[in-house]
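**Student:** Given these sequences and hints, build the entire structure.
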Amino acid sequence: MKRLITLVAAVSCILFGASCSSTDLSGNLPIPFTNPASNLEGTIKVQPMPFKAGVGLEMIPRPAPKS
Numbered sequence: 001m002k003r004l005i006t007l008v009a010a011v012s013c014i015l016f017g018a019s020c021s022s023t024d025l026s027g028n029l030p031i032p033f034t035n036p037a038s039n040l041e042g043t044i045k046v047q048p049m050p051f052k053a054g055v056g057l058e059m060i061p062r063p064a065p066k067s
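Those letters in the sequence shown? Residues 1 to 67, per this note's numbering, in order.
Think of the hints as simulated: they come from the structure by calculation, not from any bench.
Computed from a prediction, not measured in an experiment: that's the story for all the values here.
Label-pair distances were calculated between CB atoms; the ranges are:
id, residue 1, residue 2, range
1, 1, 25, 39 to 45 Å
2, 59, 6, 51 to 57 Å
3, 9, 43, 31 to 37 Å
4, 55, 8, 35 to 41 Å
5, 2, 44, 39 to 45 Å
6, 43, 64, 22 to 28 Å
Derived EDC-like pairs: lysine to aspartate or glutamate, alpha-carbon spacing no greater than 16 Å straight-line:
id, residue 1, residue 2
7, 52, 24
8, 45, 58
9, 45, 24
Virtual Cβ for every residue (Gly too), placed ideally from N, Cα, C.
**Tutor:** What follows is the structure, given as structure tokens:
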């Protein structure tokens with residue numbers, strides 16, 4: 001019985017286990033009343049195995065509107 005439980009646990013880890021790839025999430029938010037016009041860009045990166053997490057904020061100039 002113990003061997004069956006170990007086998008089921010091993011198979012489920014292989015099928016449903018944590019991936020070694022990272023997950024990225026980013027977004028952009030305009031900042032009002034800035035001269036020149038700017039955006040605030042946020043990035044979140046998470047890597048499950050080994051666990052690493054990072055958060056970044058960057059202020060970037062907004063391109064001028066084309067006429």
